[in-house]
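Asks: Here is what each chain is made of, one letter per residue.
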Amino acid sequence: MKPRDILEGKAGDKYFVLGNEALVRGALEGGLNFAATYPGTPSSEIGDVLSEIAGPAGVSFEFSINEKVAMEVAASAAACSLRSMVFMKHVGLNVASDPFMTAVYTGTRGGFLVIVADDPSMHSSQNEQDTRYFSEISRAPMLEPSDPVEAYEMMKKGFELSEALELPFLVRTTTRVAHIRSVVTFGEITGGRRQGDFEKNPSRWVPVPAFARTMHRELQQKLVKAREMSEQSPYNFVEQVGDKSPYGIITSGCAYNYVMDAARAMKMDVRVLKLGMTAPLPEKKISDFLRSCEDVLIVEELDPYLENAVRVLSQREGITARIRGKRDGLFSVMYEYSPDILKKALCEWRGVPYTVECVEVEALTLPPRPPVLCPGCSHRATYHAVKVALRKAKIKDAIFPTDIGCYTLGIMAPQSMADYLLCMGSSVGTACGISRATGKKVVSFIGDSTFFHSGVTGLISAYHNAHSFLLVILDNRTTAMTGHQPHPGIACEVNGMKAPAVDIEKLVKAIGVEFVKVVDPYDLNATVETFQEALGHEGLSVIVSRRECALVADRERRKKGEWKTFEVNQETCSHCLVCVTQFACPAFSSEERNVFINRALCDGCGVCAQVCPTKSIEVRSNE
Amino acid sequence: MSRNLQLVIVGVGGQGILTVSDILGTAAIEEGLKAVMSEVHGMAQRGGVVTTEMKIGDFESPLVAKGEADVILGFEPVETYRTLEKASPRTGIVTNTDPLVPPGVSLGQGAYPKVEKLIENMRNGGLKVIAVPALEIARSAGSTVAGNIVMLGAMVALENFVLAREAVEAALRKRIAPRWLDLNLKAFQMGYEAGKKQ
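Order-wise, the sequence lines are chains A and L. Per the numbering used here: the first sequence = residues 16 to 638. Per the numbering used here: the second sequence = residues -2 to 195.
Accuracy of the hints is not assured; some may be wrong.
[What the hints assert, rightly or not] With a cut-off of at most 16 Å between alpha-carbon atoms, the simulated EDC-like pairs for lysine to aspartate or glutamate come out as follows: (1) L/K171 - A/D28; (2) L/K114 - L/D95; (3) L/K111 - A/E606; (4) L/K63 - A/E375; (5) A/K17 - L/D19; (6) A/K282 - L/D55.
[To be verified] With the Cβ distance kept under 7 Å, some of the chain A side facing chain L (calculated, not the full set): (7) R196; (8) M275; (9) D276; (10) S353; (11) V376; (12) V387.
Simulated from the structure, these hints should not be mistaken for laboratory data. Given the structure is predicted, the values throughout are model-derived calculations rather than measurements. Just so you know, even glycine gets a beta-carbon here, dropped at the ideal spot from N, CA and C.
Using the sequences and the hints, build the whole thing.
Replies: This is the structure:
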């Protein structure tokens, strides 16, 4: 699937689309006018598609500096009557929760959808919080698609629902909705660019206490209508598997998929209440379902959100059906579900033996294959330079706060330079705390995109509060980890206009930081020297280590046909293995102390040639 | 013949696994079948293991339970072996024989087993294994980058494979850029023949 296909795909045709792509097509068919985001896996592909097609689709789209700003940008556009959406990963909503909470009070004029992608099992996240609670705290209604088809349909319909209630809607996906593909039949795109208008009305848009009190009351009134909407919603439906029985399952999201596959494979007789509009819950529909069952199983990923509500409801209504779920230990509150977990739980629930037919092969200890920094990655060079500089400065106990990005992989051996991490931008604030608490040398790492996202505020605070540490801004000119999205440090084009770049050094200097230097990590000696200088500096120092992401640079070089690779001169190599054990580029391998460079992996950065003590790594001659 | 397939495709980031998965999904649409597939994005992709699971036919979830894979398509021998908990004695294994040694091995993090040993073990376990030297075949088809399409061809050659060869070829024509199409059709053909031979 190419991004253009999401816009140009014909109505009535079937496409094999990713959940995130389906969200975009559904939004376009639903009349999307305006979108903003900060990239975060598993939501990133929404922005990747939009950045390619927003212009021709007549949609205003931007990568904002962080999720909070994206929320403000999109909420205010929706207040101007444009159909708008903002999207982010689950922890992104933590950042954006301040404007979000109050945007539910003010409500909206244009349909406003807030897509939040949870990451059960933390495939690429630091925690697995359950976004559904945000619907409880904020009172925003919520849609929960279980696959790309529903993602498409809910977006298409979502703007209308949001406009009908004048409320923003949460659309909660998870990794196994955002990152699965299935066959979606496209409909017609009818929307296009529209001009918004703003109607001045402070009692509606300015939540000073007097107005906010009224807003909260109005919100509660809207929720009465929202509950009715949920009762009538076609996304909340009952499905029969097999024959009639007193057994029922209540489920939502991708857990529904596992339920259906397992129930069908086990030839169960069970009724399934599938909830797609999960806030406010359709209490009457649920009560009716509970009354028609003797034994009900609740199947949902992460927290017992539905289960708590169903148990409360059942107590209130005096319903006697037995309810099982996470609260009695049948399921875990951790990690994503799988067909295995479902099979096992359904067997336990129904008292059927659980069997798996496996093959018996000799168990071998296989070498692990964790993710690594790419060949040519400038972060590896920077980490190496910092290590050498610390060694030369005889500092053995430096502490390394780190941040969110590819460079978090600096946690792996042999770099082992990631000691503390909380969230986006935390490397700066935590460097303040750790350096002041311990008095030790602190070298903190943050990426360029993350620095803009929320590191810069930390740095202003660090300067103002007279903190003393070295902040390394790993500037690879992109938001690499999520798929190379732009950020404010990169000049690009947004909505057909030139988007100027913000200069990191000037910004840091403007804060007042005196020691600010830029290095090219591919020039190892110069980089080491600058780090030595910074380590000798009292107070706050900032080094911007700047070199384009190797993946981006490689793509360009491949296009131009400029490519060189390196090889080990086996005659002069002293077999010291510094390149393998200390630098550890994945293009290297060694067999009985003989070192080889995999030509297919070598990116030609040449940093290893500078690391080699005997200068035995040379440009491979093009035979 | 059943029109259901539970498939696990496994390999290392950069081996073209997502392309093959996309072609299979497109081929399923050609055949008028339901298809659902999972992908790995983000951090896990950086030189790590990439697994896509796919179900064609009457399924809702793409994830394959232990022992329920009909086919495991492995782009890297150790990664094929790592996936065997999804296999039952009925599972068809189609595996590349070219090892990609994880960088950690040079740092002393584990040892890479002999590929012959891996295949022998699988066969001793009663599995039907189609072992494909994909790199060599792709090279003779014109470029080593087409190794993924060689593997695809070898899998389609499996007896009673759920998708017709013609449907997969039609999907290749849809999904591969015109300038790479001939190379890939050739790689597909050669992979198919290599699969048929075993």
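Asks: Now tell me, hint by hint, if it's right for this structure.
Replies: A quick look at each hint next to the structure:
{"no.": "1", "hint": "L/K171 - A/D28", "result": "holds, 14 Å"}
{"no.": "2", "hint": "L/K114 - L/D95", "result": "holds, 13 Å"}
{"no.": "3", "hint": "L/K111 - A/E606", "result": "holds, 14 Å"}
{"no.": "4", "hint": "L/K63 - A/E375", "result": "holds, 13 Å"}
{"no.": "5", "hint": "A/K17 - L/D19", "result": "holds, 11 Å"}
{"no.": "6", "hint": "A/K282 - L/D55", "result": "holds, 14 Å"}
{"no.": "7", "hint": "R196", "result": "holds, 4 Å"}
{"no.": "8", "hint": "M275", "result": "holds, 4 Å"}
{"no.": "9", "hint": "D276", "result": "holds, 5 Å"}
{"no.": "10", "hint": "S353", "result": "holds, 6 Å"}
{"no.": "11", "hint": "V376", "result": "holds, 4 Å"}
{"no.": "12", "hint": "V387", "result": "holds, 4 Å"}
The structure agrees with every numbered hint stated previously.
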